[in-house]
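Student: Under the UniProt record's numbering, the first residue of the sequence shown is numbered 1, with each subsequent residue one higher.
The set of hints was computed from the structure by calculation and includes no laboratory data.
Note that the coordinates shown come from a computational prediction; the quantities given were computed from them, not determined experimentally.
Watch out, some of these pointers could steer you wrong.
Lysine to aspartate or glutamate pairs mimicking EDC-like chemistry, simulated, CA-CA at most 16 Å apart [to be verified]:
hint	residue 1	residue 2
1	Lys203	Glu71
2	Lys226	Asp91
3	Lys202	Glu260
4	Lys158	Glu208
The calculated label-pair distances, taken between Cβ atoms and stated as ranges, are [unchecked claim]:
hint	residue 1	residue 2	range
5	Gln186	Lys154	26 to 34 Å
6	Lys236	Ala275	54 to 62 Å
7	Leu240	Glu71	41 to 49 Å
8	Ile326	Gly302	26 to 34 Å
9	Gln96	Gln216	18 to 26 Å
C-beta: ideal position from N, C-alpha, C; glycine also.
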Amino acid sequence: MKKAEFIRTAEKLKNQYEELIQEEKATNNELSAISRKIDSWALGNSETEKAFRAISSKVPVARVIPSTLPEEVIEFERFLQQTGGRQGGWDDFDHQNFMKLRNKHKGKPAFLKEVVEHLPGRTLDEVQQHEKWYQKFLALEERKKESIQNWKTKKQQKKEEILKLKEKADTAPMPSHSKPEDNQKQKEEQRKKQKLAVEAWKKQKSIEMSMKHASQLKEEEERERKQQKERQRQCKLKLLLESYTQQKKEQEEFLRLEKEIKEKTEKAEKRKTAADEISRFQERVENNVSRDPSRLYKPTKGWEERTKKIGPSGSGPLLHIPHRAIPSWRQGI
Numbered sequence: 001m002k003k004a005e006f007i008r009t010a011e012k013l014k015n016q017y018e019e020l021i022q023e024e025k026a027t028n029n030e031l032s033a034i035s036r037k038i039d040s041w042a043l044g045n046s047e048t049e050k051a052f053r054a055i056s057s058k059v060p061v062a063r064v065i066p067s068t069l070p071e072e073v074i075e076f077e078r079f080l081q082q083t084g085g086r087q088g089g090w091d092d093f094d095h096q097n098f099m100k101l102r103n104k105h106k107g108k109p110a111f112l113k114e115v116v117e118h119l120p121g122r123t124l125d126e127v128q129q130h131e132k133w134y135q136k137f138l139a140l141e142e143r144k145k146e147s148i149q150n151w152k153t154k155k156q157q158k159k160e161e162i163l164k165l166k167e168k169a170d171t172a173p174m175p176s177h178s179k180p181e182d183n184q185k186q187k188e189e190q191r192k193k194q195k196l197a198v199e200a201w202k203k204q205k206s207i208e209m210s211m212k213h214a215s216q217l218k219e220e221e222e223r224e225r226k227q228q229k230e231r232q233r234q235c236k237l238k239l240l241l242e243s244y245t246q247q248k249k250e251q252e253e254f255l256r257l258e259k260e261i262k263e264k265t266e267k268a269e270k271r272k273t274a275a276d277e278i279s280r281f282q283e284r285v286e287n288n289v290s291r292d293p294s295r296l297y298k299p300t301k302g303w304e305e306r307t308k309k310i311g312p313s314g315s316g317p318l319l320h321i322p323h324r325a326i327p328s329w330r331q332g333i
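Sequences and hints are given; from them, build the entire structure.
Tutor: What follows is the structure in structure tokens.
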């Protein structure tokens, strides 16, 4: 009877262990599904936020976040889910500038107006609401950290309790001479202890998996945030380069047109100046010289002066004009 009882107990423990394995697989599948959902809103952009809120309005939060997580962790994850991730629905550029100015002013209210000046697309009311969100974010995150620390402290205690219960269940002596009622009572107590040990182990395993998953989510979120920041930086540099290239082309085109217009204007002014000079010169000539065809038949001033020196009774017309003698060697040439 004792041997058969031990066999039945061993088979029950084996069945319970297999059930735990199946539950572990189901939990892993559930956590993977949650990971994919949380990744979609952890990025913090507005479109993702709207989409995830639309989903959240249809699916209860309790179905998205495992109930085995500590209450503080659940509350923090629920808060992120409902408000658009670790940046409150803001994009990386706006949130980083918000944080930069907030740290610069050490959280004093005066920084809110400066944020509005640096982010033209944000109103003062939006910035104030984001500040309220961030204060709550810090408070819930601090509670989450404390909860995780407490969980780590209790983890070891639970582990030791489970080991003690398991050791006690394994080493419990079987009564050799006892009444059937006592044997049944001891068996019942042993089954209860084994059940408690299995449930404690199951709960401990579920908590460990949940915390591990939460840690992985945080690492993935940080990695995605850095990648998104780098993509935005590259995009911004590309836009600046394209803007600079376009401005340079426009400036070169403007200078070319300006030079062309200047050259045409100078040529037009030169032509106009030359035409004006010619016109003025022609006017002066026409005004100072009058036409007199009879002048062709009158003696010139030089001739009149010559006739005055010779006189009116001069030697008469010259019939022969003397010339020098021509050398013989040139005669006939």
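Student: With a cut-off of 16 Å on the C-alpha distance, tell me whether lysine 158 and glutamate 208 pass.
Tutor: holds, 12 Å
Student: Look at the Cβ atoms of glutamine 186 and lysine 154 and judge whether their distance stays inside 26 to 34 Å.
Tutor: Taking Cβ atoms as reference, glutamine 186 and lysine 154 lie about 31 Å apart, which means the hint holds.
Student: In this structure, is the beta-carbon distance linking lysine 236 and alanine 275 contained in 54 to 62 Å?
Tutor: holds, 58 Å
Student: Please verify whether lysine 202 and glutamate 260 have alpha carbons no more than 16 Å apart.
Tutor: At roughly 86 Å apart (the allowed maximum being 16 Å), glutamate 260 and lysine 202 break the hint.
Student: Regarding isoleucine 326 and glycine 302, is the given constraint of 26 to 34 Å on their beta-carbon distance met?
Tutor: At roughly 31 Å between Cβ atoms, glycine 302 and isoleucine 326 fall inside 26 to 34 Å, so the hint holds.
Student: Does the Cβ distance between glutamine 96 and glutamine 216 fall inside 18 to 26 Å?
Tutor: holds, 24 Å
Student: CA of lysine 203 to CA of glutamate 71, is that 16 Å or under?
Tutor: It holds: about 15 Å lies between the C-alpha atoms, which stays within 16 Å.
Student: Mind checking the hinted window 41 to 49 Å against the Cβ distance between leucine 240 and glutamate 71?
Tutor: holds, 47 Å
Student: When you check the alpha-carbon spacing of lysine 226 and aspartate 91, does it fall within 16 Å?
Tutor: holds, 13 Å
Violated hints amount to a single one, hint 3; each of the other numbered hints is respected by the structure.
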